[in-house]
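S.K.: Those protein sequence lines, which keep their order, are chains A and B.
Going by the UniProt record's numbering, the first residue of the first sequence is number 1, and it counts up by one from there.
Going by the UniProt record's numbering, the first residue of the second sequence is number 1, and it counts up by one from there.
Just so you know, not all the hints are guaranteed correct.
[Stated by the list, open to error] With beta-carbon atoms standing in for the labels, derived distance ranges:
{"id": "1", "chain 1": "B", "residue 1": "9", "chain 2": "A", "residue 2": "120", "range": "47 to 53 Å"}
{"id": "2", "chain 1": "A", "residue 1": "56", "chain 2": "B", "residue 2": "121", "range": "53 to 59 Å"}
{"id": "3", "chain 1": "B", "residue 1": "41", "chain 2": "A", "residue 2": "428", "range": "28 to 34 Å"}
{"id": "4", "chain 1": "B", "residue 1": "41", "chain 2": "A", "residue 2": "499", "range": "44 to 50 Å"}
{"id": "5", "chain 1": "B", "residue 1": "121", "chain 2": "A", "residue 2": "160", "range": "54 to 60 Å"}
{"id": "6", "chain 1": "A", "residue 1": "19", "chain 2": "B", "residue 2": "118", "range": "26 to 32 Å"}
{"id": "7", "chain 1": "B", "residue 1": "41", "chain 2": "A", "residue 2": "276", "range": "32 to 38 Å"}
{"id": "8", "chain 1": "A", "residue 1": "132", "chain 2": "B", "residue 2": "118", "range": "26 to 32 Å"}
Note that these hints are calculated values from the structure, not bench results.
On a predicted model such as this, the values are computed, not experimentally measured, just so you know.
By construction, the Cβ of each residue, glycine as well, lies at the ideal position given by its N, Cα and C atoms.
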Amino acid sequence: MTATMEPEVGKGRLRKEDARLIAGRTRWTDNITLPGMVHLAVLRSTAAHAKIVNIDTSAAKEMPGVIAVYTGDDLDPEGAIGMPCAWPITPDMKSPRRPVLAQGKVNFAGEGVAVVVARSAGEAEDALAEIDVDYEDLPVVLGLENALAEDAPLVHEELGTNRNALWKFDSGEAGSGGDVEQAINEAEVVLKRRFRQQRLVPAFMEPRSCVVDPTAPQLTMWSATQIPHILKTMSALTLGIPEHKIRVIAPDVGGGFGGKIAVLPEEIMSLLVAQKLGRPVKWTESRSETMAAAHHGRDQIQDLTIAAKRDGTVTGLKVELMADMGAYLGLVGPGVPILGAFMFNAIYKIPAYHFACTNVFTNTTLTDAYRGAGRPEATFGIERMMDELAAELGMDPMELREKNWIKHDEFPYTTVSTLTYDSGNYEAATEKAMQLFDYEGLRREQAERRERNDPVQLGIGISTFTEMCGLAPSRVLGSLDYGAGGWEHAAIRMLPTGKVEVITGSSAHGQGHETAWSQIVSDQLGVPFEDIEVLHGDTQSSHKGLDTYGSRSLAVGGIAVVKAAEKVIEKAKKIAAHMMECSEDDLEFSGGKFTVKGTDKSTGIGDVAFAAFMAHDLPDGVEPSLDSEAVYDPENFSFPHGTHLCAAEVDTETGRVRLRKYVCVDDVGKVVNPIIVEGQMHGGLAQGIAQALFEEAVFDESGTLTSGTFADYLLPSAADLPSFTTDRTETPSTTNPLGVKGVGEAGTIASTPAVVNAVVDAVRHFGVNDIEMPLSPMRVWKAVHSGEKAAGGPGAEAGGGLGSIDATHGGAQ
Amino acid sequence: MRITVTVDGTTYTDDVEPRTLLVHYLREQVGKVGTVVGCDTSNCGACTVHLDGHSVKSCSVLAVQADGCEVTTIEGLARDGQLHPVQQAFHDNHALQCGFCTPGMIMQSIDLLADNPSPDEQAVREGLEGNLCRCTGYQNIVRAVRDAADHMRPGAGPEAERVAGDAGSRAASSVGGGGE
Ligand code: FES
Ligand code: FES
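The shape of chain B in the complex, shown without the other chains (with noise of 0.2 Å):
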C-alpha cells in the first residue's frame, strides 16, 4: 500500500505492507532509528511518537494508518540546534542514563505536559505509567518533566511542534495504542 506521511517535517511516500508497523516504517524506511522498540506487548513505550500532535506507541500503530497524517519523533524536536525544553530538562536533570527508554520518555512527557501544564508529582508519575525505565528509578525523570513545565509554561502543547510552515493539519485520526 501507499503511504505519504510527513515524519519530522519532511514528506514522504512509500510502499508499505499492511502490516507494517509505524515503529518499524520509521526505523527501517524512513531511517528513523532514535525512535526503538523495547518490547512486543506495547507496554514499555519506548517507540512513543507523536501522530498529529499526541502520543502514540508506534508499536501499537499501522503505518497505513499513519497515512496522511504527521509524525514527530525525537529527531524532529530540536529547533534550530535549540532543543526542545523537555530534552533540557531531560540533561539538566540526570534524567536518563543509558538513554534507551528515552525517547519515548520525552515524547510522553511533551504530551503529558500539553494535557497538564503544571502537573504535580503524583500527576507526572501517573502521566508515565505507560513508559518503563530500568536505570533511573524515575525520580530524576519526574523532576525533569516538572522542571520543564517551569520552564515552558503557558505550555507546550501541539503547536510546540507544528513545522513551519505546515501548520494546518489534521485532527488525529482514529488510531489505536495511544500513549495517554
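Here chain A stands alone, though its shape is the one from the complex (with noise of 0.2 Å):
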C-alpha cells in the first residue's frame, strides 16, 4: 500500500471523468436502447393562451408505426395528477395545478397537448402532424406591468388573479437593521433606478431526455437532470408510486446550469405511458423543445432606491421587484427571486434595507432556477447602483465600494439581511485584481479617449461581489418554507483489495465530482487516487443525496465525503489496535497508515481493509466491515467573494462593444483542484458575460418565443469572448473542514454587472446611465446617439445582442 505523501488537496489534477468524454465512450440518456422500447414526441402547443376545444388524433393513430397517442384526457382522466412546486414562500402562495399534459386550456407556447408513441422516434415525430387541435384563443398576457395591471386578463382565471405571492423582509421589522423609509427621508442624496433582468435560455447543450423502463424489477428511470434523487422522491408523491418501487438514474449529463433542476411534465408522461403499456419508451426533446418547453431563468424588473450621505455613506437600500414566473410554478421557481433577498445588500455595511418581491404570471414558459439563481439578479442590481450612486457623487466607483464593504477585520459580521458571512477579505482580492488590471493606467487611457474624442471610448466596470451557495443548513431553509433540507449524503466502501468506493449524494453533470472528491479520499484515508472510485447518480447505488445545485456540492457533499473518512478511520482504528496489540490511544494515524506511538510498528488501512473482509480475528464486538456513511448538514452558507473588472470598447460609430481584458479575482476559500476552479470560472464568465451583451428569450405580442433556436438565441462562440484573466485569494471558510467555498455560480454573478458597468462607463459623458441588456450594437448606438437615459426597450428584436455586427467576419453562428 502506497501512501501518498503530497496532499492531493490543492493539487491541478486531470480530470478522471475525461477519458471516456473525449473517446465518445458516453453514456448519455439518449444513447440507451432497451428491448421493445417505443418512442414519444410531444406535440406542442402553438398558441399561448386558448381553450382546447377538442383534440383529434384519429388520424395520427393510423400512421406507419404509431403505437398509441394520448392526450392529457387520457393519461389522467380525473385531472389529479400536479406537477410538484417545492417551494411555496408564502402560506396564501396561489399555484395552480400544472397537468402533465395541457387539459382544456394551454397556458403558454410550447406546453405539451398530446404524445405520440410510435415504433421509431422519426415515426412518432410524423404522426405529431396528424393530430388536429382546435383552440378557442384567450387574452395572452405578458410583461410584468400589464400582468398586473387592474382589468388584465387573467392567466389562471381560477386563481382570480395573475399575483403568485408577494415576498417582503423588512430589516426595520427584523431587528436586523434601521427603517430604510427614514434612511430615505433623512439621505443626503437619494438616487432611484429601474434595472430589467431580461429573460435567459439556460441552453445546456444536452436535451433533455427520459427512458423509462416499466419491466425493470424497480421502474427504472434515466433522465438527463441534476437531481435524481429529488425525481425519485417527487415522482413517487406525484404518482403515488411507492417509492421504493422507483429507481432513477442520471447517467453521463450534458451540462445543466440549473435548466435540469425540475420534475418535469415529460418525465412523468413518459412513466405513465410506460406503465399503460408495459414496455419500455424514450422521450428525446429537439433543441427547439427544448427552448420553448424547458423552464427559463431571470426575468425580472427590479425598482432600487439607495440612500447615501454626500460622502459616500450609503444609509439606505430599498429593493422593488417583480419577477416573471410564467404560466406555472416549476419545483423552486417561486424561491428563485426571493434568494436575492439575502445578496442585495451585498459586500456592504448597509444599515437600513427592504425587499419586496411581486412574482407574477404569465402566459410564458415558466421561469426557474438557471446559473446563480436569485443571486445574479440581486448582483446585478447592486452593483449597477453603486456605479450610479458613484458617479452621482463623483467618486471613483472603487472608492465608493472600498468605503461601504465589510473590512477583513470586521468577521465574522451579521448582515441586515440577517446571514453571518464567516470570512472574507474584499481588500486583498481587490488590490490583486487593480494590479492585474493596470486600473490607474486603463482610467488614464480612458481620460485621452474622452479628451481626443475617439470614435471608441473605454470604460471601466467594477463588480465586487459576494455570494451565498453551498444550499443550505436545514433549518435555515425550513424558515424560508422550502419544501426539503439541504444536507447531503456520502458512504465510503472499503474494498477487500484495499480499494475504495465513494458513493456521493451529488450528481455531477460537468463539474468533475469524480476528480475532485478522489482527492478528498485520497488525503483522508491515504489511499492513492487512482484505487478510488466515485459513483454517484444511480438511486440504487447512491441511495441517499439532495443532488447537485446552489454551488452546494463541494461546501456540503465534499464534506460529506470527509465525515465518511472519519468513520472510516475511527471503525479501522479498533482494529488496526487488535491486530498490532494496543491500544486505540496509542494510534496515530496518516498517509494511510496506523503507527503505534513511538514505534515503528504500522499496519496500513488495506490491510485493515482485509483484515475486517476476512474477519477471522477481530475484537470483540466490532463487526465486520469498515464501510461508513454519513450526512452532513452545514451549518452556514458559504461565502465566496471577489473583484470583476471589465474594460470595455465601445465603438460609438457602431454600437459595437469589444470586451478589452477582463480581470477577476475571486476568493473561493479553499481550493481542491485548481484547474477544475478554473474551469469553473472561465464558463461561469461566459455564461455572466452573455447575459449582459448577447443572450435574451423573447416573445412576440402573440407569446410565441421568437428566440427559439440557437439561430436566433445568441449563445457565444468561441469568436464573441475574449480570454480572461482570473486569479484567487484564498480566505479560508471557517464553517467546514476543509474550508471550502461554492464556485459553480460566482463567474456568473460577478460578471453581469462588470460588463454593463465597463459599458455605460465608456458612454456616460454621452448622457447615457443605463443601456437594457442584452447590449446589443443597436441599443448602445441608440444609447449614444440620442444621449437616452435608459435605452433599450422591451426587447422586440429577437438575437440583436451578438457584438458581431461585425463586416470582417460576419455573423458568428
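Could you use the hints to bring the two separately framed chains together as a complex?
M.R.: Structure, rendered in C-alpha cells:
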C-alpha cells in the first residue's frame, strides 16, 4: 500500500472523467436502447393562451409505426396529477395545477398537448402533424406590469389574480437594521433606478431526455437531470408509486446550469405511458422544444432606491421586484427571486434595508433556477447602483465600494439581511485585481480617449461581489418554507483489496466530482487517487442525496465525504489496535497508515480493510466492515467573493462592444483542484457576459418565443468571447473542515454587472446612465446617439445582441 | 435506399430512408452514439464528424450522401489505444466539463489544424465558431487546440486519420453543411 505523501487537495489533477468523454464512450440518456423500446414525441401548443375545444387524434393513430396517441385526459382522466412545486414562499401563495399534458386549456406556447408513441422517433414525429387541435384563443398575458394591471386578463381564471405571491423582508421589522423609509427621508442623496433582468435560456448542450423501463424489477427511469434523488421522491409523490419501487439514474448528463433542476411533465408522462404499455419508452426533445418548453431563468423588473450621505456612506437600500414566473410554478421557481433578498446588500454595511418581491404569472414558459438563481439578479442590481451612486457623487466607483464594504477584520459579520458571513477579505482580492488590471493605466487611457473624442471610447466596470452558496443549512431552508432539507450524504466502501468506492449524493453533470472527491478521499484515507472510484447519479448505488445545484456539491457533499472518511478511520482504528496489540489511544493515523506512537510498528488501512473482510480475528463486538456513511448538514452557507474588473471598448459609430480586458480575482476559500476551479470560473464568466451582451428570450405579442432556436438565441461562440485573466485569493471558510466555498455560480453572478458598468462608463459622458441588456450594438448606438438615459426597449428584436455586427467576420453562427 | 459507408474503419451496407440524416444513421443504425445531437438548426456543431477527411455537421448531411464515403467519428480517432493528439490536448488542458460538445469540438479542431497547423488564438476562435460549448467559456478549448498544434507539427490532416490499408479514399463528395 503506497501512501500518498504530497496532499492531493490543492493539486491540479487532470480529470478522471475525461477518458471516456474525449473518446465518445459516453452514456447520455438518449444513447440508451432497450428491447422493445418505443419512442415518444410531444405535440406542443402553438398558442400561448387558448381553450382546447377539441383534439382529434384519429388520423395520427393510423400513421405507420404509431402504437398509441394520448392526450392529457387519456393519461389523467381525473385531472388529479399536478406537477410539484416544492417552494411555497408564503402561506397564501397561489399555485395553479400544472397538468402532465394540457387539459382544457393551454397556458404557454410550447406546453405539451398530446403524445404520440411509435416504433421509431421519426414515426412518432411524423404523426404529430396528423393531430388536429381546435384552439379558441384567449387574451395573452405578457409583461409584468401588464399582468398586474387592474383590468388585466388572467392566466389562471380560477386564481382570480395574476399575482402569485408577495414576499417581503424589512430590516426595521426584523430588528436587523433601521427603517428604510426614514433612511431615505433623511438622506443627503437619494438615487432611484429601474433595471431589467431579461429572460434567459439555460441552454445546456444536451437536450433533455428520459427513458423509462417498466419491465425492470424496480420501475427504472434514466433522465438527463441534475436531481435524480429529488426526482425519485417527487415522482413517487406525484404519481402515488411506492418510492421503493422506483429507481432513477442520471447517467452522463450534458450540463444543467439549473435548467435540469426540475420534475418534468415529460418525465411523469413517460412513467405513465411506460406503465400503460408495459414496455420501455424513450422521450428525447429537439432543441426547439428545449428552448420553448424547458424552464427559463431571470426575468425581473427591479425598482431600486439607494440612500447615502454626500461622502458616499450608504444609509439605506430599498428593493422592489417584480418577477415573472411564466405560466406555472416550477419545482423551486417562486423561491428563486427570493434568494436575492439576502444578496442585494452584498458586501456592504447597509444600515437599513427593505426587500419586496411580487411574483407574477404570464402566458410564457415558466422560469426557475438558472446559474446563480436570484443572486445574479441581486448582484446586478446593487453593483449597478454602486456605479450610479459613484457617478452621482463624482467619486471613483472603487473608492465608494471600499468606503462601504465590510473590512477583513470585521468578520464574522452579520448583515442587514440576517446572514452571518464567516470570512472574507475584499481588500486583498481587490488589490490583486487592480494590479492585474492596471486600473490606473486604463483610467488614464479612458481620459485620453474622451479628451480627443475618439470614436472608440473606453469604459471600466467593477463588480465586487459575494454570494451565498452551498445550499444549505436545513433550518434556514425550513425558515424559508422550502420543501426539503439542505444536507448531503456520502458513503465509503473499503474493498477487500484496498481499493475504495465513494458514494455521493451529489450528482455531477460536468463539475468533475469524480476527480475532486477522489482527491479528498485520497488525503483522508491515504489511499492513492487512482484506487478510488466515485459512484453517483443512480439511486440504487447512491441511495440518498439532495443532488447538485446552488454551488453545494463541494461545500456540502464534499464535507459529507470527509465525515464518512472520518468514520472509516474510527472503525479501522479498533481493528488496527487489535492487530498490533496496542491500545487505540496509542495509534496515530497518517498517510494511510496506523502507527503505534513511539515505535515503527504500523499497518496500512488496506491491510485493516482486508482483515475486516476476512473477519477471522476481530476484537469482540466489532462488525466485519469499515464501510461508513455520513449525512452532513452545513451550519452556514459559504460566501465566496471576488473583484471583477472589465474594460470595454465601445465603438460609438456602430454601437459595437469589444471586451478589451477581463480580470477577476475570486476567493473561493481552499481549493481542492485549481484546474477545475479555473474551468468553473471561465464557464461562469462566459454565461454572465452572455447575459450582458448577447442573450435574451424574446416573445412576440402573441406569446410565441421568437428566439426559439440557436440561430436566434445568441449563445456566444468562441469568436464572441475574450480570454479572461483569472486569479485567486484564499480566505478559508471557517464553517467547514476543508475551508472550502462554492465556485459553480460565482463567475456568472459577478460578471454581468462588471460588463454593463463598463459599457455605461464608456458612454456616460453622452448622458447615458443605463442600457438594457443584452447590450446589442443597436441599443448601445441608440443610447449614444439619443443620449437616452436608459436606452433599450421591451426587447422586441430577437437576437439583437452579439457584438458581431462586424463586417469583416460576419455573423457568429 | 441501400448505402455502403465506412465508419471508423469498418464498412457497413445498410438500407436507409432517403430522409435519414447521417447523424441518425450513425447513432441509430451503426451504434456510434459518441456523436451527439445538440440542436435542430445546424448551429451547435455537436454532431461534427469527418466525411472523407473533412469536418461536416452530420445533422446537415443525409445518410445517402455519405454513400461510398469514409466517415470518422470521435470513436475512431484513437489508434492502438493511443489517443489522437487533439483528444490528449483536450484532456491535458481541461477543455471539457460535461463533455457533450466535446466530440464535435475535437473533430472540428482536427479539421482546423489540418487547414492551419499553427493557428493563433483568434484563428482558433474563428475556426470553432460553428461549435457551441455552454460549459467551458472556450478559453481552455482554445488552449487545447494550440497545445495540440504544438504537438502535431508538421500538421495533422486527413492523412492522420486514414485507416490503415484504406488510404486511397475518394475526394470529398458534394455534401452540404460543412463545419468549416
Ligand atoms: S446537431 Fe447541432 S449542428 Fe448538428
Ligand atoms: S463541455 Fe459541456 S458543452 Fe462543452
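S.K.: Confirm or reject each hint.
M.R.: Structure-based check of all given hints:
Look at residue 9 of chain B against residue 120 of chain A: about 28 Å separates their beta carbons, and that is not inside 47 to 53 Å. As the Cβ distance of residue 56 of chain A to residue 121 of chain B is approximately 57 Å, the hint placing it in 53 to 59 Å holds. Range check, residue 41 of chain B to residue 428 of chain A: about 46 Å between beta-carbon atoms, so the 28 to 34 Å window is missed. A C-beta distance of roughly 46 Å is found between residue 41 of chain B and residue 499 of chain A, which places it inside the suggested range of 44 to 50 Å.
The hint said 54 to 60 Å for the Cβ distance between residue 121 of chain B and residue 160 of chain A, and at roughly 58 Å that hint holds. Between residue 19 of chain A and residue 118 of chain B the CB atoms are about 28 Å apart, so this pair conforms to the stated range of 26 to 32 Å. The hinted window of 32 to 38 Å between residue 41 of chain B and residue 276 of chain A holds, with their beta carbons roughly 34 Å apart. Judged by the Cβ atoms, the range 26 to 32 Å given for residue 132 of chain A and residue 118 of chain B is violated: they are separated by roughly 59 Å.
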